[in-house]
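Using the hints, build the complex out of the two chains.
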Amino acid sequence: MTKIDHLLKHTCEWLKGTGPNSDIVMSSRVRLARNLEKQPFSHWATKKQEKEVLEALEPAVLNCDAMSGSFLVPMGEADDVDKQFLLERHLISREHIVHPEHKSVVVGEREVSSVMLNEEDHVRIQVMQSGFNLQECWRIANRLDDSLHKKVKFAFAPEWGYLTACPTNTGTGLRASVMLHLPALVMTKQITRVLQAITKLGMTARGLYGEGTEAEGNFFQISNQVTLGSSEEDITDNLERIIRQVIGHEENARKTLMKQNRDILHDKIWRANGTLRSAHIINTTEMLGLLSMVRLGVDMGVINDIDRRAVNELFILTQPAHLQKIEGKVLNTAQRDIKRANLIRRRLEGR
Amino acid sequence: MTEIVNDQITKLNLCESCAKEKGSDVEQHFGIADLLAALSDVETASPHTAGLPPSKNKCAHCGMGYEDFKKIGRLGCSECYITFKATLTPLLKRIHGSPQHLGKSPNPEHLKEQKISSRFLEELEAAKDELQKAVKKEEFEVAASLRDKIKFLEKKVKEAKGHAS
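So the sequence lines, in the order shown, correspond to chains A and B. Here this note's numbering is used: the first residue of the first sequence is 1, the next is one more, and so on. Here this note's numbering is used: the first residue of the second sequence is 1001, the next is one more, and so on.
Check each hint, because a few of them may be wrong.
[Unchecked claim] List of simulated lysine-lysine pairs, DSS-like, C-alpha gap at most 25 Å:
#1 A:38 with B:1070
#2 B:1136 with A:153
#3 A:38 with B:1133
#4 A:38 with B:1093
Hints are computed from structural coordinates only; laboratory data are not their basis. Computed from a predicted model, the values in this text were never measured in an experiment.
Only chain B is shown next, with the shape it has when bound in the complex (with noise of 0.2 Å):
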């Protein structure tokens, strides 16, 4: 088994079983914590949170500054949700795909809530799609109509955002 320590190569003889005692270790090593702040590294240097001053970026709750949690790779409670709203937000669009839970809830119309604003979301990406296709083809009146259900999809979006929330 080769180990790369501080640039040094290190050659180990391992029996099997330790083998893989060690290779968890060095699985730990380079676990979630490496690549979440490899993801949210991008998201740092972005308009989001360039700006703020260094008090921002750590949660009143718990104490956990935004460093520790690329550090770690965990968040220190569930008010830091809230604190590092502005870098989650896309952090969680990358490693889901979609930052808006649709699953199940504590309170049941949040669900209804949910489903709602999630069927507008789709319809809205649908229509944007639809709108791209006919400015190409120089439909104008189609792609007039659509910018109408584009804004009112968006206002619907919005809406039910703002009921869940």
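So that you can see chain A by itself, here it is in the shape it has in the complex (with noise of 0.2 Å):
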């Protein structure tokens, strides 16, 4: 068994339900960029030069204080679904699985930190957190930076902060980010109104995978798009502020929804989780539509036999790369919408 597969028998930190506000906030997430002085960003790199990177960051990663019981991913040497698998958890991002070579990962205990290496900047350090929880995010990152600085010299001007591949992310080289669940904002309509104003504040709002994702199963990731001229604890401040309206208008519309159309949000949900105990065939889109009602069900107290903790890891454990290594083998999309079927009528039926 590798220490991929271990991953498997734990849940990751970020999807235990709890924290601060987690009946809407699954997740927490605070991501630093570093690059080491005079080298190469990755993009622009040879080979040779890309190897130097690597063999320089991977032992200081391993054996900073912060990283103690991490494991290291050499992305070359991971097979295809070792890598969505990586992916689906969110340790790693989409453009390591593209270009592998002479990339890799080093995983932290319960996956609260990991540390993508060679990634767009030479080094990518994220920390999650279950719930609302920036803070503590930016606290570990930090913390993990202090430890790395002391191993390897980045690169730093006094004027621009870090320095990064990106111009988009010189200063802090800081994205947070909170991963919120706002079905009663979508089913009130009011979701795209709250999604420009976020806009307008310089935030910007994904799907559950990031860039270029929609967001199915009502989940919006907002984060900071400004990394220069301000503070990191200003930064993570501000985007706290406007998470926190965020959060106040989704439990009104909630509240609203259960009191002008409760048989019908009732409804909703008890057909959700009536079709999620008895599918013998799903797909992953249908599944988090109602998953995602589900989810409601029991953050509203409509469903009360299965807990959060099991609704949210249903949302990862049947994503493909992870029914693949439950079965312990790869399966084609008709086989996983089976599987899929069959570990969530059985996880729900707390079996």
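Okay, structure coming up:
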């Protein structure tokens, strides 16, 4: 059994369904972009230079205090299912899959921290927490960054901060994001207005799997865009203030739905629950929509025999690579749709 | 799905997952590079770079030319920031609204200096606004003292930046 296989035995920290506002906020995340001084950025480096960067960084990350108990995955050696599996767990980006050579990821204990090496930047530190907990993410990421500073020299200019491959990350190199479950704002057709307001305030909204993905399952990832000209604390604080407003709107929309459209809401939740407990074949898109309704039912106290953690886990366990890992073999789409339905039935029955 | 390639309109019938894959490809092409190029184009025509010979627009450390940066949307190495400073300063201001880092630093002294410089900058902007108002109202005594204040603050900002670099 490989170290990646071992991850299957545990729930990622960010899926636990605990932490502040976890009825609406699935997870919080902070990432920091760093580069080694004078070494060409990954996209502009020769194979030899990319290798040099890895040789300098891999031991530095693995041996720093903040990453004790971590393990390394060289992307070039991982098979397609493993790579997809890491992506589904939000441990690596799509870019890490597309050009895997001379790239690696160090996965920390309980998957709280992970460090991608030779991604767009030489170092991409990522910290995830369950619920609305950006300050804690920043605290952990900052500590990890501090310990890396003792081992390697990062490119930095007093005027411009940390220098990154893309000027949109220059400065703090910090991207803070929060994954929100906003079914009531979608159902009451307020979501477009809310997202437009967020964009005007310099934030971005994306889907479950980041850039270029749709907001399936009513999940929205909201993050800061500006990385230069504000401190890390101010960036996370600003995002937090905006998210608090969005949470308030979602709470109000849920209350309004329960008050004015109680029967319709109950019908949607219980039909979703019924379908998931009965289906024998189900694809990801249908599942995400139904699971979102079941999660809403759990969060609003309509469904009481399932806990939030079990529902959260299903969002990830039913993804294509996870299903194949669980089964221990490669499955085609039709086979996966059957296995997915099976897994959901078993889990929702508490088996 | 309708795609336009070399001015040819092509209609594609794709299943949802293929369309999504295709969609991400399309996004890759119309990505950050195009947007950055659009933003930086304005700057290349500015007096900062207009007169520079082409060799000056190439990073001596990694060989990236400014044209490469415009095409790719990413810089070649940390030294490129020095090579292309004249065009990057306004570009960073356009993207972030500020060209001055105020966050974490490997050297804690920097942070102190940044904060001082930033405070003076804020005061400077406020003083400039007040000056305009005073001139409009023809309050010339107030305007004169504001002018002195502005001179003093400009000196302080310069000093703080000098320490930091």
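- Message: Of all the hints numbered above, which does this structure not satisfy? Sort the numbers upward.
- Response: 2 and 3
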